[in-house]
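Asker: Next come the chains, spelled out residue by residue.
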Amino acid sequence: MMSNDDGKQLLEPDAIPQPVCRKLRIYAFDPSISSSFDFAGVGEVTIEVEWEADLQPGPVGEYLEIVDRDPASDAFYRPVDLNDPRLLAQDGFEPSESNPQFHQQMVYAVAMSTIKQFEIALGRVALWSSHAARDKEGRRIDTHFVRRLRIYPHALRARNAYYSPDKKALLFGYFAATERSNASVPQGSMVFSCLSHDIVAHETTHALLDGVHPRFNEPTNHDVFAFHEAFADLIALFQKFAYPGVLGKLIARTRGNLLSDNLLGQLAQQFGQATGRGKALRDAIGEIDPETKEWRPKKPDPLALHYVFEPHDRGAILVAAVFDAFLRVYRARTADLYRIATEGTGVLKEGDIHPDLANRLAEEAQRCAGTFLRICIRAIDYCPPVGITFGDYLRAIITSDRDLYAADPLGYRLAFLDSFRAWGIYPEGITGLSTDALMWPTGEEVQLEIARRRARSASKTMSAASETDSRGRVKRFLDQQQKQLDILFAAEAPRPAARTMRKVAGKLSFGWTLDCDRLGAWENARYQAALLRDWLDTQTNTWAQAFGLVVDRRAASTIYRPKARADSRPAIEVHSVRPLLRRSERGDTIRNLVVEIMQRRRGYLDPKRQSEMDGKSWEELHADRTPPDFIYRAGCTLILDPTSSKVLRLIRTPGDIANDKMLERMREYLTEEREPGNAFDTADRMLREREPFALLHAASDGHSHG
Amino acid sequence: MGTAMAKTPRAAGTKRKAPAKRPPALSAKKAATKKAPTKAARKTAAKKPRKAGAKAKMAAVVSSSGASTPGRLIPDPGSATVRMYRIGHGDCFLLAFPPETAGSDPIYVMIDCGYKPGSPGKIEPPRTMKDIADSIRAATGGHIHLMIITHEHQDHLNGLTQTYFKDFKFGEVWCAWTEDGSDAFANMLRERFNDRLVGLMRARRSLATALDRLSAAGDRDMARAARRMHSRVSELLALEIGGEDDDEATISSFERELSAARKTERPTSRNKTALAFVKDRAENGIRCLRPHERILKVSGTAGVRAFVLGPPRNEKQLLDLDPVGEEEFHIAPFGADASNARTVPLQTSPFAARHSVSLDDSFFDGRHGAFFREHYGNGSSGRDRKNAETREVPDDAAWRRIEHDWMLSAESLAIAMNDYTNNTSLVVAFELGAGGNVLLFTADAQRGNWLSWDRKSFKDGEKKLSVKDLLARTVLLKVGHHGSHNATLNGHRSSKYPSLGWIAAQGDAARQFTAMITAVPAWAKDQPGWNHPLKAIEDALLDKSGGRVFRTDLDRKAMERRRPDDDKKAWKSFLDRTVFDDLYFDYKVPFEE
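The listed protein sequences derive, respectively, from chains H and S.
So in our numbering the end of the first sequence lands on 728, straight run, no missing numbers.
So in our numbering the end of the second sequence lands on 910, straight run, no missing numbers.
Next up, chain H with everything else stripped away, as it sits in the complex (with noise of 0.2 Å):
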């Protein structure tokens, strides 16, 4: 069928081109939309997903593998090969409710059209997060690359479909409908939640995002949890409308006023009634009029962070937001046409309107979606490693954003900027909310500020100390600082043999862009992180202090310490060094590098033990198995420039290792209530839990968490 030899073909004069997408059918919404009449031509559509050559049955390919295993019903279900040539034909098996190959086809091409918007975003291949191989008491030894995310099509006869950080899978139940759950679903007859779009796209954006941000598992207040939701209906959301045909179908069949933006939210509502989930969606950007009976925008509460705390209804907050800045953009983007349509006088005439208006309302919604899809994936990149919150993913998009567009002439950063402040979402310790006050801190900035206040103090000692002194003191400090980085970036390796890796790349760089094998990337990164965890080790200078890093011995021992090096300092742990390639304004390539670090301490839920602990002897600690209450985690994420030896961003997490108050607002919200009305139930329940996705979303239908 087709030749694996590659360079036979490339020497054959007629040698057929490699296919740039495999077509395939899917669902657009779910069966239930798909088999009524008002959604009649648009309830299917063929979307196009990167061309994989050896793609195997299952389809297994290089990111994904779909192993069709049914536990409740003890049985395998045989895999689709989509290189039938049969099937290469006619875009694959029509979609039908009743042949499970055709779910392991949909799950596969919504999965990848998902992973693809990431790389397309983030410049580079996608990992997923690494497996940790552990001893027998739960010790994890050693750190195993996953190349595939795993896809259970049918693992659970129950309401609810999760993504398993432990097992690296999605796992998608199914069940039978009764007269409750939906009008249009007979009673007795089965819903699968693989074959809803918006629920395979949210649970493979959770993977994905696990795959960039391990630690966003870890509620470690009010937002973590809540944002993973959010964020995953958010992309759920945009790479719909991103597929081209899907709007402009719609619109073109829907009578009204197309041109009020009403429209695309009902649209977007009706997306997440579909799902049978989608809460957040449905409830978070509007409701019907009880009066008028025609759909209204929900209106911004401000001080709706104050008391929704349950995950779902906060992520509800994060997406309205959101959306509100979509629709915003999108307004400004149609105004032109709106003045067109209606000679300027603002009154639209009777009747349809013109199928070619539809048409370039349809694609301005789309390539809008499309553009907002890689801001919402983009800031990922820019948040802090652990911890995050609504305010800090703000900042995220305007920083990364602002990165890549030094201009915003359509106004999104401020629409964005705008409809957070309506939902009252601010970052902490930020007064204004102004695009230069959110942008986190460039590497030099905080530099300048330890000079600063160095070059303050040595002055205070030294009364005579000129002013032009303390300028010369700060600028010999600033060129101290940048000869480390510049050590940092023309490293050789320092001490190859010391490591295990086999691929070892010269000094720290990119390793890894969209076309090289990932496992190299992988192992690239790991060699890269020890690169970077031995300069930071060795350092005498202030970076790790600029990171926000303690490294002072005499630091509470609670603060763990390198294996068997008790007297030393705190350990530092460098977790992913991952390249980040994006196209700027000018059409230049940006390389950059994003590095996380963090440290870990010991947290205990009684703030007396806390403080017994941490008067401990480090030995003392070690030597104690018992596992603490909690682990209290700071750090840093850095945006590095290679090319000009710069750290072009810095971001810290609120406070770092050694500060109580920051572990004493942990252990509040582990042991706080979780919900007003619901209360006592603490959130340290679910951060034992094991999968910490099935709990949330088998949740979500029900009113409230048990």
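One or more of the hints may lead you astray.
[Stated by the list, open to error] Residues from chain H shown here face chain S by an in silico Cβ test under 10 Å; the list is partial:
hint : residue
1    : Y196
2    : R548
3    : A551
It is worth saying that the hints were derived from the structure and are not from the lab.
C-beta: ideal position from N, C-alpha, C; glycine also.
Position chain S against the provided structure of chain H, taking the given hints into account.
Answerer: Chain S only, in chain H's frame:
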């Protein structure tokens, strides 16, 4: 478990050889039929106070009443006495109200009578259901004027059987509207409940099979997880079925009845039997109560009125706290049809047979055997990486299999079912005279139930009486569901929903506020997932009440130890109103302060 109640069947078997010192629960049945029960009862009851060292107090109660019968529970004029039986991990309350006409007998109201098997033995000294029943008989003379059944759970009604209450007279019986056979909505809910029960039995069976398989395969971690799930699901199932046996016996006997029954008739659970036992004896009829209807006068009392706050009529609120949804059990998720529970369920796939291969055959399947082996094999080679060169995980890594992930949903279904039943709790507030102090009995009401309380207000003649006002006057709270995490809502006086903040918000009530928690932590701590009572709730209550929190297993000394010692005067006045006995606490509540 090794507790008095758990040993009961065995003790009954050995009884003839060596009679047990304290007659065990089941053997009491024979004793009760032969001997005149009242005599024996009086004897035990009379012995009690002496043992507890509360002789003086008891004598005082008796003498003040002037009643001739020792052990009778007689309230002081102008106050009610609430007796919380220390029955075990479960509820049993006896309320004595002064009669309307002076000189006649007090009016006795009983609320629930049940315990989790095993728990009564975990209190010092161990007690049996018979001890409790004898005490009730002595206290009331065997006449309960009003019997209230809050909801159908084992720990609220398994004591109500022929064995203990054969000779009792019941006046009126109150239960929630969910028991009303003429209520279509209630019938629909019951129907659905039965389906789920059957489904859950099946899930439990699957868990047992999985457990066997895992143990045989030597998979210790998973086996432990399966065992935990199994005992948890059993625990929750036993609550729904009821009876006095341990979980295993309860469920297996019910299973046998299920399989013996015809398709059309449903076997009755022990809970249903207990309910029927009481209903059949109701001399003055049964009332199925809806919330927020008219204010009920407790007949025969001097102005005691009852307000029904729950369960809500709204389905959504009943199912609130229902994390999975109600769909699952219509297809019996773990296979098979409901009529035949004895055979191991036949698993049926939702797809045509040509699509599927069973696990046993899959690895040797001609077309796809290699695929299944490579991607779902048991990782028998024990490799933890793909090859020595790389650190890649192998395709057939055992940790990626999902054979047992359904266990998680089995558990959440069981919890959902229990939460549902808890939410059908009849919640009654007794008002001691118009505008007087209020006693609030929340049974096991959970979130949805709580939130519905103030949906409407009551019509008191011309005036409106709000639930917020009732709660503000509440001086005694029966804490919901053994003090579990979701049965007491936290909040402030200004919260928009009924919460602990609303309760005893009025100055007088705040000074008197007292709480009762029916929990035996020594027993509950051995049950997976039973965090009863939740420390945060107990702390909040201790704080709110200045230490006046009764807990089933705590005697006076233990209670005093938990008291924040600030107000000695208040504590003394509390002690003056309280009788501590091995079997119960008596707490006197004046009609008005």
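Asker: Honestly, which of those hints from before does the structure not fit?
Answerer: Number 3 only.
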